[in-house]
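Taken in sequence, the protein lines are chains Y, A and P.
Those letters in the first sequence? Residues 1 to 310, per this note's numbering, in order.
Those letters in the second sequence? Residues 311 to 598, per this note's numbering, in order.
Those letters in the third sequence? Residues 599 to 911, per this note's numbering, in order.
Just so you know, not all the hints are guaranteed correct.
To be verified - Computed from the model, here is a short list of chain Y residues facing chain A with C-beta under 10 Å:
#, residue
1, 29
2, 148
3, 149
4, 187
5, 244
6, 249
7, 250
8, 266
9, 271
What the hints assert, rightly or not - To list a few chain P residues with every Cβ distance to chain Y over 10 Å, as calculated:
#, residue
10, 622
11, 630
12, 666
13, 689
14, 690
15, 744
16, 781
17, 832
These are calculated hints, taken from the structure and not from any lab test.
Beta carbons are placed, not taken as given, at the ideal position from N, Cα and C, and that holds for glycine.
Listed below, chain by chain, are the residues.
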Amino acid sequence: MLKYILKRIFLVFFVVIGVTIVTFSTMHFAPGDPAEIIAVARYGDDLTQEQIDWVRVTEGFDSPVYIQYLKWIEHVSRLDLGRSLVTSHDIFEEITIRLPATFKLAVSSLVISLCIAIPAGIISAVRKNTIIDHLCMSAALLGVSIPNFWLGLMLIWLFALTLHLFPSYGYGGCEHLVLPAITLGTSMAAVTTRLTRSSMLDVLNQEYIVTAKAKGLDEKTILLRHALKNAMLPVITFAGLQLGFLLGGAVIVETIFAWPGIGKLLVDSIYARDFAMVQGCVLFIAVLFAFTNLIVDITYAFLDPRIRYE
Amino acid sequence: MNKLNGKRNILKEAGNNRMAAIGGAIVILLVLIAILASLLSPHDPFEQKLENRLLNPCFEYPFGTDDLGRCIFSRLIFGTRYSLAIGVTVVGITALVGTTLGIVSGYSRGIIDEILMRIVDIVLAFPGIILALVIAGILGPSFLNVVIALSLTHWPAYTRLVRGITLSLREKEFIEGAKALRASNIYIMRRHILPNCINPIIVLATLDIAHAIIFATGLSFLGLGIQPPTPEWGSMLKAGIPYFRISPHLTFFPGTAIMVTVMAFNFLGDGLRDMIDPKINEIILVSE
Amino acid sequence: MSLLKIQNLKVYFTARGKTVKANNGIDLEIRENEILGLIGETGCGKSILGRAIVGLLSDNVEIGGEIVYKSENILDLSENELRKIRGKDIGIILQNPSAALNPVLSVGNQISEIYRYHENMGKKEARIRTAEMLEMVGIDPKRMHEYPHQFSGGMKQRVMIAMGLALNPGLLIADEPTKGLDPTTKDKIVDLICELVINRNMSLLLITHDLGVAEKMCDRVAVMYAGEIIEIATIENILSNPQHPYTQDLLNSRPKKGLNPTAGESPSLSSPPAGCKFHPRCRCVIGECPKTHPQMIETEKGTSVRCFLYRDN
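For reference, chain Y alone in the conformation it holds in the complex:
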């Protein structure tokens, strides 16, 4: 198993390097002279060429690209992501301030969607081709087809503007969390339901399920003891990718609900053309995603004896 884990860690390391190159390039390819943008942020619109050149030299924009990259990497490795071009705030600090909001949203969406999806997927598989299966699968198809930005608006319209049950936007207590979490969790619940069902169906067709029946075990024991653990393995692998869905979806959901998380920070920074902040956010999200996937992979190794005892 150690070999498996080391291999994963190596791959993550590689991906993180790649991610830094891609994010560095975004800043580099961004339109406009970065020195000028920073100079504007620093000295205001009334600029002299000397001021721009001064910024260019002090910030190192005059050196070759790879030197700039290495310098940047060195800063990044010290968790120094630079300063916002617009507000001059420290980017890493700004992101960590926003992190709890995104975390809260992502975790509640994850919990909601898993609580719906896993039972629904199992029931659909066990009662294959019954009404309840068709209902679950139709709902799941609807769930993957509904754009979350529209779902969010419709939920606001129904539950906030019409029924006045929840606030329509903003950050605060649990009541603020309900609508964004449902919006974000829906498509994930739908995908997970489908995955759980197909995985469960696959497992139920396996020979070891017949063996379990041949031992005289009852249906409940067979399902919970023999089928579920096997069926959950692909679902767990998928959980890492789900975090990706969540972080990606959070961008839109946070924007709709004015939820002060990283996603909203990213979109606002794009609007403000604050590419340093954009770079920081993207890097942070991608690295977070890569490490979550690593954790999921390692968890998987512990759950699957075929990898655990390799």
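Fit chains A and P to the supplied structure of chain Y, relying on the hints for placement.
Same frame as chain Y, now just chains A and P:
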């Protein structure tokens, strides 16, 4: 192993699968709407009649009018063109590029494969819409830039899928046979490997059109895609938000249009997948 | 004394509008303390028969006839009653242990759950019994915490045997227990099963396509072809005086007889040939074979055959 001789015509079989048939029928309908938009729409989608602004659905304006007095129904009809065009263009480009890279990667293996797969890993390390969002944000909002942003982020799914199939085919007897006959590598890839990838690619592409439409309308919704006054569904949704409280139909109808279109492609893709091989489900899911 | 009596058993599957007659009128008796071999080509319905006895077939089958075990027709039992019989009265060793063992449960767990479920044993006691079982099939009880993928093919088969015998059933069904094993391991497994079955006064239904294995283990042999039993006799009679042309072919196809396989392909169970199902491949076809379906004829005591050649005897 029906797949291996590559002679199944899944488009013919699709007519017999209920899901695929329903999805396919809606897709054909949408294509017709897009082509015949100017015949079908009762009003000019750009014509502003300020005296008619924010009308509720009525006989004259079936889906009401927007804040500038334009006919929402007509705008939605024209919007079909943009969503379908983006979906088809993006999928066309990514399927072509992704498939080529996948075959090359799986067939050559070694260092080329290793490099390509690491690039795939890196692109997939940016979750969901984020990379597309940033690319679109940097390039600036336009139809072309949306296509570029989505194409740059969508190809890895095809590469992974096709590479997997190529790897499994590589050891098969008929490839060995073709090699023994001194067929060129290009010939083997084109005549022996590609035909076996076609059916799974069609499934993935169909589902991916749905995906691309959601992403593209999402970008427009954030103001980073196609801009007003173009009657694109996502930007229509965005334009409706200020009037959400008094005139929810401004957002209701464009959203429904997106959902129906996406659902049609999902239906078609699911149906096709069930017909070909339910197993590729997982590959597709995981590679997205 | 008969332990299990199967009468006119019919198992039909319907798939894509075609009916597959996997078992079509099986009559078979398993006596107490006997090892009965069920021999036939792949796809002749022998594994289906084994599974039908313990009610392990999927829901889309139609079953007719009778399977009487200890004066009860198994086919009339509810799922709950069946469950009590499975494992306890009738054990089954499914073929291909690699697929038949659950990859995520330890081997010990997979055996001890039988005790815990059927006998409501506590954890400790069940573990002790599991250790005994493992010991008996020749596995170090210390390995009970290991997982199936850590075992070799022969070892997995031993685990399957331990599972099948855990509750000392009166009848054990072993479906191809030697398939895929190398010759040495095969011999060991054959010896192990024989020893355990004989020591415990059990009956065994051995399903195999391997005549050599049947020769070593069985008292009697039933030969199956296209969903039917075509010959039943003692193993000695089958070997020395095979009656049905198919049985004769089968014997001639053994390596030591020079590997002469029967010409033609086994018939599809969804559209079998009319008359005698073997006639398209038979060397001794007479006028009636393609038209009339032959019945079982007792040619001598203990030997029955489904063939027109023996009608006059």
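These are the hints, each one checked on the structure:
Nearest Cβ of chain A to the Cβ of residue 29 of chain Y: about 6 Å, under the 10 Å cut. The hint holds. At a threshold of 10 Å, the smallest CB-CB gap from residue 148 of chain Y to chain A is about 8 Å, leaving the interface hint in force. Nearest Cβ of chain A to the Cβ of residue 149 of chain Y: about 5 Å, under the 10 Å cut. The hint holds. About 9 Å separates the beta-carbon of residue 187 of chain Y from the nearest beta-carbon of chain A, less than 10 Å, and the hint is met.
At about 3 Å, the closest approach between the beta carbon of residue 244 of chain Y and any beta carbon in chain A falls short of 10 Å, and the interface hint on this residue holds. Checking residue 249 of chain Y against chain A by beta carbon gives a least distance of about 6 Å; that is within 10 Å, so the hint holds. Taking 10 Å as the C-beta cut-off, the interface hint given for residue 250 of chain Y holds, the closest approach to chain A being about 9 Å. Nearest Cβ of chain A to the Cβ of residue 266 of chain Y: about 7 Å, under the 10 Å cut. The hint holds.
Nearest Cβ of chain A to the Cβ of residue 271 of chain Y: about 7 Å, under the 10 Å cut. The hint holds. Every C-beta of chain Y lies more than 10 Å from that of residue 622 of chain P, the closest at about 23 Å, which supports listing it as non-interface. The claim that residue 630 of chain P lies off the interface holds: its Cβ sits roughly 22 Å from the closest Cβ of chain Y, which is beyond the 10 Å cut-off. The Cβ of residue 666 of chain P lies farther than 10 Å from every Cβ of chain Y, with a closest approach of about 19 Å, so its non-interface assignment holds.
Residue placement check: residue 689 of chain P does not keep its beta carbon more than 10 Å from all beta carbons of chain Y (closest about 8 Å). With 10 Å as the threshold on Cβ separation, the claim that residue 690 of chain P sits away from chain Y is violated: the shortest Cβ distance comes to roughly 5 Å. The Cβ of residue 744 of chain P does not lie farther than 10 Å from every Cβ of chain Y; its closest approach is about 7 Å, which violates its non-interface assignment. With a minimum CB-CB distance of about 25 Å to chain Y, residue 781 of chain P clears the 10 Å threshold, and the non-interface call stands.
No Cβ of chain Y approaches the Cβ of residue 832 of chain P within 10 Å, the least distance being about 29 Å, so the stated non-interface status holds.
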